[in-house]
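Peer 1: Sequence:
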Amino acid sequence: MGLTSALNTAVFGITYNQRQLDVTATNIANADTAGYSKKTISADVYFDGMGNVAGMNATEVRRILDEQIQADYFNSLADTNYAKQIAEFTDRLDDIFGTIGDKSSLSSLAGELASSLAVLVNDPGNYAAQSDVVAVADAFARELNASYEQIADLRQEADDLLASQTDTVNGLLSSIEDIDEAIRDATQSGVSTADMEDERDRLIEQLSGYLDVNVSKGSNDTLFIQTADGQQLYADNQASTLSFSSSHSLQPGQSGNSVTVTTPGGTTYDLIAGSRSGSMVATAELRDDILTEAQTQLDTIAAEISLAFSNVTVESTAVTVGLDDGFDLDVSALQSGNTITVEYTDTGGVAQTVTLVGVDDATLLPLVDSATANPNDTVYGIDISSGTPATIITNIIAALGGTGLQVSNNGSDELRVLGDNTGPTTIESLTADVTVTGSTDQGLGLAIFVDSRDAPELFSDALEDGGQRVGYANAIAVNPDLLADSALLVNYQTTPTANTANDPARAQYLSEALTSSTIYFDPGAGIGSSSTPFQGSVIDYVNQTVAFQGNQAEDAATYADSKEALTMNLAIRYEESYAVDLDTELAFMVQLENAYAANARVMQTIKELFDELLNIV
159 MGLTSALNTA VFGITYNQRQ LDVTATNIAN ADTAGYSKKT ISADVYFDGM
209 GNVAGMNATE VRRILDEQIQ ADYFNSLADT NYAKQIAEFT DRLDDIFGTI
259 GDKSSLSSLA GELASSLAVL VNDPGNYAAQ SDVVAVADAF ARELNASYEQ
309 IADLRQEADD LLASQTDTVN GLLSSIEDID EAIRDATQSG VSTADMEDER
359 DRLIEQLSGY LDVNVSKGSN DTLFIQTADG QQLYADNQAS TLSFSSSHSL
409 QPGQSGNSVT VTTPGGTTYD LIAGSRSGSM VATAELRDDI LTEAQTQLDT
459 IAAEISLAFS NVTVESTAVT VGLDDGFDLD VSALQSGNTI TVEYTDTGGV
509 AQTVTLVGVD DATLLPLVDS ATANPNDTVY GIDISSGTPA TIITNIIAAL
559 GGTGLQVSNN GSDELRVLGD NTGPTTIESL TADVTVTGST DQGLGLAIFV
609 DSRDAPELFS DALEDGGQRV GYANAIAVNP DLLADSALLV NYQTTPTANT
659 ANDPARAQYL SEALTSSTIY FDPGAGIGSS STPFQGSVID YVNQTVAFQG
709 NQAEDAATYA DSKEALTMNL AIRYEESYAV DLDTELAFMV QLENAYAANA
759 RVMQTIKELF DELLNIV
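Numbering (the numbering used here), first residue to last: 159 to 775.
Note that these hints are calculated values from the structure, not bench results. Each residue gets a CB set at the ideal place from its N, CA and C atoms; glycine is no exception. Keep in mind that the hints are not guaranteed to be accurate.
FRET-style restraints, in silico, Cβ to Cβ [claimed, not checked]:
1) S674 with G569: 37 to 45 Å
2) G581 with R250: 55 to 63 Å
3) E473 with G581: 18 to 26 Å
Based on the sequences and whatever the hints tell you, model everything.
Peer 2: Rendered as structure tokens:
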């Protein structure tokens, strides 16, 4: 190697050592700076035609990090934030429903109502016992009202949070656009972009908590960001724009607005529908699914406890016409939402159940089988808006025309349903389930609860206007007539003669309706399925609902803990991949200083040799 080549090597060595010293010093200074990644210098040595060192490029500063672990960590943030958001809200939801042992919970109040009715059965003439039933019923209704309102507040909170999250994500995308532009300009100017890439990673880390995004790099190290299903959020140095309109008053059963994305090219899409995880998805799911389902459960409790007390079974009268047996049924008391049940055996010997549901709005027809919770019945909607038994029977005849049963008006405006001996079909039972309209002389049923949304009115589970039970938990109240006269709990007959003051029949009926009568509950409330809906008493369902909310909160917390543990593990590994080790950096600085001194000595030696050569000349 000639002296010139050796001098070049020493000069470039000193230059390289000085650049490394600068970068190492920066690493040491930023060792405790969050998000700062260790930097290093890459050197390219090039040679002349003689194989001697001709130059060295030591200007490129590179980051040290594991990109695979980084990607895994960013991806885990969406699942973790989703789970934490769900866990936080379901824990608060569980507090609203309370626990089975909590004296103010729905289950405890339902149990107290059952106990007070049992006391009344044993002493029906006791005014204090009557008043206690009314007081507990009022407390139960108010707890339903308060719980419904608290859940409505949670839904509104989630809606407001979604608006805030939308603004935050817009800000993050805008910041990514700015830093990407700076990276592009720096790359074209040959300036290091390492620190800017650190800043961009911090923005992506924040974004990944809101949405499960797919991030890839394009030309000049700029980014391409997509949603989970491939929709564009950021491309070609241009951010899409998120928009969201808050729902200032979420109505019962109503979903809120979604988040709309508009790409720079003008394409729009639903962000929530295009994403699978992240805190934004969790917030929308809470608002429109989990919290709405909880309100539906409260509506179901309110509806079924009302119907259990206020509805009575209208029995039919056995009748034989020629060789055919069947029943006659009075349909004059039918109201919207009330039902008629026909049980028969068809020509194939298969037991069948038909449920006829009364409606006042014929545009609701035909009804589907899921209009009732019974998974084993066939449902027909019947227009009863005329209020005329003869017209109602005509509509029933049309509905049951294909069953093989003989359906007719018996001549006294009563429904007659006969089997067909030649079919053969046989009818086992014909009953109606109707809501009492008065406090006496309509059987043992009593409307303890009423719908107070407009003026106090009977709850019959009408299907009009979206269904009477939607939002009913927010409006259920004790019947004003019962508040004025608690003796109605035991006085159920005035004609032809009044029942005795100590008659326990109505109290017994009400008690059994709450604790013993077994019914199917609407699986649309999230408990049970369409094929196997929850079946039990009203008090069973109340307890099941409280347990459901407790289990949901516990499961959400467990899931959140597991996701957070995974994310924490990845975060540690990620940080280890880029973090500055002070001991290593300090040791490396000593090596660099020694190398710098060695190169300086080489240069000094070469200078001395050149001086000797000049002296010889």
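Peer 1: The hint says 55 to 63 Å between G581 and R250; measuring C-beta to C-beta, is that right?
Peer 2: Since the Cβ atoms of G581 and R250 sit about 59 Å apart, the hinted range of 55 to 63 Å holds.
Peer 1: A range of 18 to 26 Å was offered for this pair. Does it hold for the Cβ distance of E473 and G581?
Peer 2: Holds - the Cβ-Cβ distance for E473 and G581, about 25 Å, lies within 18 to 26 Å.
Peer 1: Do the Cβ positions of S674 and G569 conform to the proposed distance bound of 37 to 45 Å?
Peer 2: holds, 38 Å
In the structure shown, no violation is registered for any of the earlier numbered hints.
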